[in-house]
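Q: For reference, the chains in residue letters:
4 protein chains.
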Amino acid sequence: MSNHQDQPRFSLPVRVYYEDTDLNSVVFYANYIKFMERARTEWLRSLGIELDVLRRREGMLFAVQRMETEFLRPAFFNDLLTVTVALRGSGGASLDFVQEVRREADAACCCRGRTKVICVDEKTLRPKRLPKTLLAEIADGH
Amino acid sequence: MSNHQDQPRFSLPVRVYYEDTDLNSVVFYANYIKFMERARTEWLRSLGIELDVLRRREGMLFAVQRMETEFLRPAFFNDLLTVTVALRGSGGASLDFVQEVRREADAACCCRGRTKVICVDEKTLRPKRLPKTLLAEIADGH
Amino acid sequence: MSNHQDQPRFSLPVRVYYEDTDLNSVVFYANYIKFMERARTEWLRSLGIELDVLRRREGMLFAVQRMETEFLRPAFFNDLLTVTVALRGSGGASLDFVQEVRREADAACCCRGRTKVICVDEKTLRPKRLPKTLLAEIADGH
Amino acid sequence: MSNHQDQPRFSLPVRVYYEDTDLNSVVFYANYIKFMERARTEWLRSLGIELDVLRRREGMLFAVQRMETEFLRPAFFNDLLTVTVALRGSGGASLDFVQEVRREADAACCCRGRTKVICVDEKTLRPKRLPKTLLAEIADGH
Numbered sequence: 001m002s003n004h005q006d007q008p009r010f011s012l013p014v015r016v017y018y019e020d021t022d023l024n025s026v027v028f029y030a031n032y033i034k035f036m037e038r039a040r041t042e043w044l045r046s047l048g049i050e051l052d053v054l055r056r057r058e059g060m061l062f063a064v065q066r067m068e069t070e071f072l073r074p075a076f077f078n079d080l081l082t083v084t085v086a087l088r089g090s091g092g093a094s095l096d097f098v099q100e101v102r103r104e105a106d107a108a109c110c111c112r113g114r115t116k117v118i119c120v121d122e123k124t125l126r127p128k129r130l131p132k133t134l135l136a137e138i139a140d141g142h
Numbered sequence: 143m144s145n146h147q148d149q150p151r152f153s154l155p156v157r158v159y160y161e162d163t164d165l166n167s168v169v170f171y172a173n174y175i176k177f178m179e180r181a182r183t184e185w186l187r188s189l190g191i192e193l194d195v196l197r198r199r200e201g202m203l204f205a206v207q208r209m210e211t212e213f214l215r216p217a218f219f220n221d222l223l224t225v226t227v228a229l230r231g232s233g234g235a236s237l238d239f240v241q242e243v244r245r246e247a248d249a250a251c252c253c254r255g256r257t258k259v260i261c262v263d264e265k266t267l268r269p270k271r272l273p274k275t276l277l278a279e280i281a282d283g284h
Numbered sequence: 285m286s287n288h289q290d291q292p293r294f295s296l297p298v299r300v301y302y303e304d305t306d307l308n309s310v311v312f313y314a315n316y317i318k319f320m321e322r323a324r325t326e327w328l329r330s331l332g333i334e335l336d337v338l339r340r341r342e343g344m345l346f347a348v349q350r351m352e353t354e355f356l357r358p359a360f361f362n363d364l365l366t367v368t369v370a371l372r373g374s375g376g377a378s379l380d381f382v383q384e385v386r387r388e389a390d391a392a393c394c395c396r397g398r399t400k401v402i403c404v405d406e407k408t409l410r411p412k413r414l415p416k417t418l419l420a421e422i423a424d425g426h
Numbered sequence: 427m428s429n430h431q432d433q434p435r436f437s438l439p440v441r442v443y444y445e446d447t448d449l450n451s452v453v454f455y456a457n458y459i460k461f462m463e464r465a466r467t468e469w470l471r472s473l474g475i476e477l478d479v480l481r482r483r484e485g486m487l488f489a490v491q492r493m494e495t496e497f498l499r500p501a502f503f504n505d506l507l508t509v510t511v512a513l514r515g516s517g518g519a520s521l522d523f524v525q526e527v528r529r530e531a532d533a534a535c536c537c538r539g540r541t542k543v544i545c546v547d548e549k550t551l552r553p554k555r556l557p558k559t560l561l562a563e564i565a566d567g568h
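Protein chains in written order, with this note's numbering: chain A, 1 to 142; chain Z, 143 to 284; chain H, 285 to 426; chain S, 427 to 568.
Isolated chain A (complex conformation) (with noise of 0.2 angstroms):
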């Protein structure tokens, strides 16, 4: 496993709108899934790498293998979260996250996740190397 405890923080800002909330007046608690998600997506975009473009050209997804997740406070209607991403480990064929969801109003943080994505053949969904032209450009964006 590399790793790559120095990369750069990526952040993306996320607004809460009516449908990520419940009942309980909170943000539901799966939906920061969600976010993390869509942060993982732009901070992969920031370096140049587009999931739709890797798949036409090396017939590879992504695909979420291990999620920790705790829920620290919740977040509210409204709220306007900056959701950010740190690479924390590579192997042949995984990418390690740990990322954060925090309010800006009072840099509370909501949550905390950390996620173990692999890289899998589009056709079989089963483990496939990462491409090193996706590692060069990650390492690349120290």
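Below 30 angstroms or equal to it, Euclidean Cα-Cα: the simulated DSS-like pairs (lysine-lysine) are:
{"hint": "1", "chain 1": "A", "residue 1": "Lys123", "chain 2": "Z", "residue 2": "Lys270"}
{"hint": "2", "chain 1": "H", "residue 1": "Lys318", "chain 2": "A", "residue 2": "Lys116"}
{"hint": "3", "chain 1": "Z", "residue 1": "Lys176", "chain 2": "S", "residue 2": "Lys542"}
{"hint": "4", "chain 1": "A", "residue 1": "Lys128", "chain 2": "Z", "residue 2": "Lys265"}
{"hint": "5", "chain 1": "H", "residue 1": "Lys318", "chain 2": "S", "residue 2": "Lys549"}
{"hint": "6", "chain 1": "S", "residue 1": "Lys460", "chain 2": "A", "residue 2": "Lys116"}
{"hint": "7", "chain 1": "S", "residue 1": "Lys460", "chain 2": "A", "residue 2": "Lys128"}
{"hint": "8", "chain 1": "Z", "residue 1": "Lys258", "chain 2": "Z", "residue 2": "Lys176"}
{"hint": "9", "chain 1": "S", "residue 1": "Lys549", "chain 2": "H", "residue 2": "Lys412"}
{"hint": "10", "chain 1": "A", "residue 1": "Lys116", "chain 2": "S", "residue 2": "Lys542"}
{"hint": "11", "chain 1": "Z", "residue 1": "Lys270", "chain 2": "H", "residue 2": "Lys318"}
{"hint": "12", "chain 1": "Z", "residue 1": "Lys176", "chain 2": "H", "residue 2": "Lys400"}
{"hint": "13", "chain 1": "A", "residue 1": "Lys34", "chain 2": "H", "residue 2": "Lys400"}
{"hint": "14", "chain 1": "A", "residue 1": "Lys34", "chain 2": "Z", "residue 2": "Lys265"}
{"hint": "15", "chain 1": "H", "residue 1": "Lys400", "chain 2": "Z", "residue 2": "Lys258"}
{"hint": "16", "chain 1": "A", "residue 1": "Lys34", "chain 2": "S", "residue 2": "Lys460"}
{"hint": "17", "chain 1": "S", "residue 1": "Lys542", "chain 2": "A", "residue 2": "Lys34"}
{"hint": "18", "chain 1": "S", "residue 1": "Lys460", "chain 2": "H", "residue 2": "Lys318"}
{"hint": "19", "chain 1": "Z", "residue 1": "Lys176", "chain 2": "S", "residue 2": "Lys460"}
{"hint": "20", "chain 1": "H", "residue 1": "Lys318", "chain 2": "Z", "residue 2": "Lys265"}
{"hint": "21", "chain 1": "S", "residue 1": "Lys554", "chain 2": "H", "residue 2": "Lys407"}
{"hint": "22", "chain 1": "H", "residue 1": "Lys318", "chain 2": "Z", "residue 2": "Lys258"}
{"hint": "23", "chain 1": "A", "residue 1": "Lys34", "chain 2": "H", "residue 2": "Lys318"}
{"hint": "24", "chain 1": "Z", "residue 1": "Lys176", "chain 2": "H", "residue 2": "Lys407"}
Worth flagging that the hints you see were computed from the coordinates, not collected in a lab.
As the structure is a computational prediction, the values presented were derived from the model and not from experiment.
Assemble the complex: chain A is given as a structure, and chains Z, H and S must be docked to it using the hints.
A: Quick look at chains Z, H and S alone, frame taken from chain A:
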């Protein structure tokens, strides 16, 4: 357009979970659209038609082309709803449904919708005639 | 009903993420409803109206009463969409919107919808007159 | 922490609909979180505990505090899944669950998760002791 006014109604029970609600403590209105689609899928299954089999055998998909939806009364967490499906008409490549979402407890009509679904080619996403076998199975459903 | 035909259009960019797609590799149609609601929320914010403030100060909520939606062309993962908001009319307790979802790349109109939103009392969920301040802010939005 | 290892498993059937899938033609991983919550809600109901009644009588809500989730095999459109619920432990204000999502057809385990749920006060959203009646009903569930 063939007329299917006499078609008996199909109905599917749907329970309201946390995921379905929003901060107004009611079912988030866009979720009724999902409930109505679940009921159409189960109506087809009740006629012996499985959407994944149709896709493999006939290379066809269904796509929603048009919806008119009225939200009449709020539904709440834990409500048991009944979603009905009535086929109102069919064209060469389309099916026209009228559906209701009622609360079991008081028979209140929470949502009513009309949905036009078209048959499209799996590859091109362009309209395609409904397979005759499908029309026969629907007619037999009477 | 007041007429607001000349109201300038508001627009919100929306990116299509994995969460928005379905197995047909297109945006799941019910998700356009969410995109249109996000845009209405941002349109109100652009006029200085925050829904959570309205609720606290006026004890009012907005509820969607009726929608007519046409799905014209598929949108795909990674598409950048533009969601427009045009207020077409307003009644004592209602606002009537026309909205479009267009793909930036080719200006294709993927979805078009008309939505009637009513002002309801937070407690009773029954219709309530739109606050005059809100109507003034909307009128000033011209 | 009380130990509940011997607690019989509860299970809920869940059908995969279009809304649950993504462009990889599999169940979008965040949706397993919803399936597991539906099963916990039905497990409580099977013990005579309704979340809306708990809220009205005890002024309490459940909130998810922590999840560990593994995505082991893809599930597909139309799959009939079985979602199990096993209570592994309980603390003064928390319940600890282990859950699995299996495909009926081949018993493949698609997703496995551990979820810590805490009891919170409806108003303050701060932790609150589990009502004794609830613990008794859970113990009787053996």
